[in-house]
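6 protein chains.
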Amino acid sequence: MATVKIWTDAQAEADPRVKAVFDDIRATRKSDFVNNVWRALAGQPAMLEATWAQVKDVMAQPSALDPLVKEMLYMAVSIANGCEYCVHSHTASARAKGMSDEMYADLLAVVGLASQTNALVTALQVPVDPEFKA
Amino acid sequence: MATVKIWTDAQAEADPRVKAVFDDIRATRKSDFVNNVWRALAGQPAMLEATWAQVKDVMAQPSALDPLVKEMLYMAVSIANGCEYCVHSHTASARAKGMSDEMYADLLAVVGLASQTNALVTALQVPVDPEFKA
Amino acid sequence: MATVKIWTDAQAEADPRVKAVFDDIRATRKSDFVNNVWRALAGQPAMLEATWAQVKDVMAQPSALDPLVKEMLYMAVSIANGCEYCVHSHTASARAKGMSDEMYADLLAVVGLASQTNALVTALQVPVDPEFKA
Amino acid sequence: MATVKIWTDAQAEADPRVKAVFDDIRATRKSDFVNNVWRALAGQPAMLEATWAQVKDVMAQPSALDPLVKEMLYMAVSIANGCEYCVHSHTASARAKGMSDEMYADLLAVVGLASQTNALVTALQVPVDPEFKA
Amino acid sequence: MATVKIWTDAQAEADPRVKAVFDDIRATRKSDFVNNVWRALAGQPAMLEATWAQVKDVMAQPSALDPLVKEMLYMAVSIANGCEYCVHSHTASARAKGMSDEMYADLLAVVGLASQTNALVTALQVPVDPEFKA
Amino acid sequence: MATVKIWTDAQAEADPRVKAVFDDIRATRKSDFVNNVWRALAGQPAMLEATWAQVKDVMAQPSALDPLVKEMLYMAVSIANGCEYCVHSHTASARAKGMSDEMYADLLAVVGLASQTNALVTALQVPVDPEFKA
Chain L
1 MATVKIWTDA
11 QAEADPRVKA
21 VFDDIRATRK
31 SDFVNNVWRA
41 LAGQPAMLEA
51 TWAQVKDVMA
61 QPSALDPLVK
71 EMLYMAVSIA
81 NGCEYCVHSH
91 TASARAKGMS
101 DEMYADLLAV
111 VGLASQTNAL
121 VTALQVPVDP
131 EFKA
Chain C
1001 MATVKIWTDA
1011 QAEADPRVKA
1021 VFDDIRATRK
1031 SDFVNNVWRA
1041 LAGQPAMLEA
1051 TWAQVKDVMA
1061 QPSALDPLVK
1071 EMLYMAVSIA
1081 NGCEYCVHSH
1091 TASARAKGMS
1101 DEMYADLLAV
1111 VGLASQTNAL
1121 VTALQVPVDP
1131 EFKA
Chain P
2001 MATVKIWTDA
2011 QAEADPRVKA
2021 VFDDIRATRK
2031 SDFVNNVWRA
2041 LAGQPAMLEA
2051 TWAQVKDVMA
2061 QPSALDPLVK
2071 EMLYMAVSIA
2081 NGCEYCVHSH
2091 TASARAKGMS
2101 DEMYADLLAV
2111 VGLASQTNAL
2121 VTALQVPVDP
2131 EFKA
Chain V
3001 MATVKIWTDA
3011 QAEADPRVKA
3021 VFDDIRATRK
3031 SDFVNNVWRA
3041 LAGQPAMLEA
3051 TWAQVKDVMA
3061 QPSALDPLVK
3071 EMLYMAVSIA
3081 NGCEYCVHSH
3091 TASARAKGMS
3101 DEMYADLLAV
3111 VGLASQTNAL
3121 VTALQVPVDP
3131 EFKA
Chain X
4001 MATVKIWTDA
4011 QAEADPRVKA
4021 VFDDIRATRK
4031 SDFVNNVWRA
4041 LAGQPAMLEA
4051 TWAQVKDVMA
4061 QPSALDPLVK
4071 EMLYMAVSIA
4081 NGCEYCVHSH
4091 TASARAKGMS
4101 DEMYADLLAV
4111 VGLASQTNAL
4121 VTALQVPVDP
4131 EFKA
Chain H
5001 MATVKIWTDA
5011 QAEADPRVKA
5021 VFDDIRATRK
5031 SDFVNNVWRA
5041 LAGQPAMLEA
5051 TWAQVKDVMA
5061 QPSALDPLVK
5071 EMLYMAVSIA
5081 NGCEYCVHSH
5091 TASARAKGMS
5101 DEMYADLLAV
5111 VGLASQTNAL
5121 VTALQVPVDP
5131 EFKA
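Residue numbers (my numbering), protein chains in the order written: chain L, 1 to 134; chain C, 1001 to 1134; chain P, 2001 to 2134; chain V, 3001 to 3134; chain X, 4001 to 4134; chain H, 5001 to 5134.
If you're looking for bench data, these hints aren't it; they were derived computationally from the structure.
A portion of the hints provided could be inaccurate.
Partial pick of chain V residues on the chain H-facing surface, computed with a CB cut under 8 Å [stated by the list, open to error]:
hint, residue
1, P3016
2, G3082
3, A3105
4, L3108
A few chain X positions that, by computed beta-carbon distances, are all more than 12 Å from chain P [to be verified]:
hint, residue
5, A4002
6, T4008
7, E4013
8, G4043
9, E4049
10, D4057
11, M4059
12, V4087
13, Q4116
14, K4133
Positions of the beta carbon are idealized from the N, C-alpha and C atoms, including for glycine.
Construct the complete structure from the given sequences, taking the supplied hints into account.
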């Protein structure tokens, strides 16, 4: 259950600002599916517009990293932050963008290893090597 | 400052188990540099051996994801977990493996965006869409 | 599902220490509603008493910050810590204390922005400016 | 030490995009001081511009919450996320905007209490009360 | 709902690598119950084998700390990391290994106190005393 | 550097409330050493008194768990929360209370393993087994 209303398509259609964002999500993704995070943000149109603009700019524009790598980085952060919804939505997106079972296994291995060594390094308070200075 | 002794090369040379791991780190990486995390773990040889074996297996073996992508996933987790040493060491490793300034900018943009939307989704307690079910 | 029993009103009535705390919660809040966190703590009366005393002291006594601001700070920490129950209970409390939709939008914007810049600053390991020293 | 170069004023003056942001920071804040986070972001002008635009929009525009409350929410998130630089910079900003010692004590009490009860609730896995549904 | 398939016993029986691990879990624990984390990992046999080997080595071998203390440390980390499944499974394991209600109350008190003082220390950015140096 | 003043002994002597707490810390611990967290809290006497009372009650009173186990649980939470000062102070306290190198190795192994499996479980979104219900 959410702390806010999850907007239906009918409700979204009736609000021009929300409709415009939902239309752009559908056009950008070439899919009729609008997932719940956007329906939850719809009650605050300014935040809906700004968040979608930022997601579109970072994730949907061609850039130095390919879209699947960016999606897997998003997954890694979402796992580390323990965000249930985000883990589900970005795992699904990564699969849709071509993440194979072998790639997923690799991601899990790296995320698990990093979490383990992050904890060890924090426990030991390892001093940063001067060689790592920028 | 660390909570344990940071072993010098001379100290490592005098302990066969530590020497064996340090030798393998140098051979695997084709570099004489052994960074502080291994020097901090040297006081506990079983953990040193197990951790290095796991890092070597996950990060240095050919697998579905290329080495730079795995290093960038390691960075993303380390940033999300707030591990200062790990951020430094894996940023340096990623650069050594070919991360360009443009790729680094992309990683920062994704990590920043994911952190922001993770927080929003947690605040709103967005319910997981049935479409995301495995 | 909880890791401990959630006490009913009948069970609470039968235990004098639990009854005393539940009575004080109802009197302090001028409401008959006792939410689940107190029902979960009821099996450990010393912790129930100490936690309620601390919550009452910090949140229900007049102090330098007004009650709504304190409730919103509680929300911000609960979101950052990813505590589902806490996000729900403190969002509901903030609304009951007068948080408008506009204030909620502001809180979400700040929490999202802070999460994003926290991640960027951690990624870049920005050194603290000497001007910030106490 | 940072993972990137911290730009000096001379370096910023020589790059029109960076100069424009630094000028706007100084004008907006009515102060000559440009803190290190902006100097660290200067190597990536697009991110510098986008981050400053978002900070200016959320923190410096009149909105439902007063500027000091927004700054204290920023502090709370930064503390919960364990971001050293962010804790320093936003504590300094909150003081500059009028946070008294009594208000600071209140913030610390709420942040400490929330961290404690977040942990207890997570340990007990308290189920969300139906009364909290939106 | 999981992001991967949760393997049934029939499915596990049909895959020799998965069957071998499930058999060893049952033999090691002297119980027929195989909990969901192993059923979720079964799709990635290499990770299933490696994770079980590490859990068995760390948790089921005699070592300096008794098994219950190790289980309670596992609980403490899982609570701090906000991992719902892990809190449930390790609380159940600790109870099975003899954690009394009084010990559980103690653990909750320490975890709550540590979370609170961690937040205060981070807020105040307390410098490490030279006396704590290794 | 701290966000607040670190009180010297001379300053503490001059304030009766601070002096009383410092005296009790020294008497309780049978040591003249008062570490920085108390010197940082001294500017807010009510919080100093309440925090010390809670630490003394939880950590210094005989209870179901022995003092070393409680100190190691404190370490585990502090590591998971990434609190540098807390890791240092509680590692030093655990050593003073008898944590051997072998026990420390065990703690590190459990904390590392738990961090790794917490991440895997979060990534896979493993459903809680009905058998774990209270």
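Mind listing which of the numbered hints don't hold for this structure, in increasing order? 1, 12, 13
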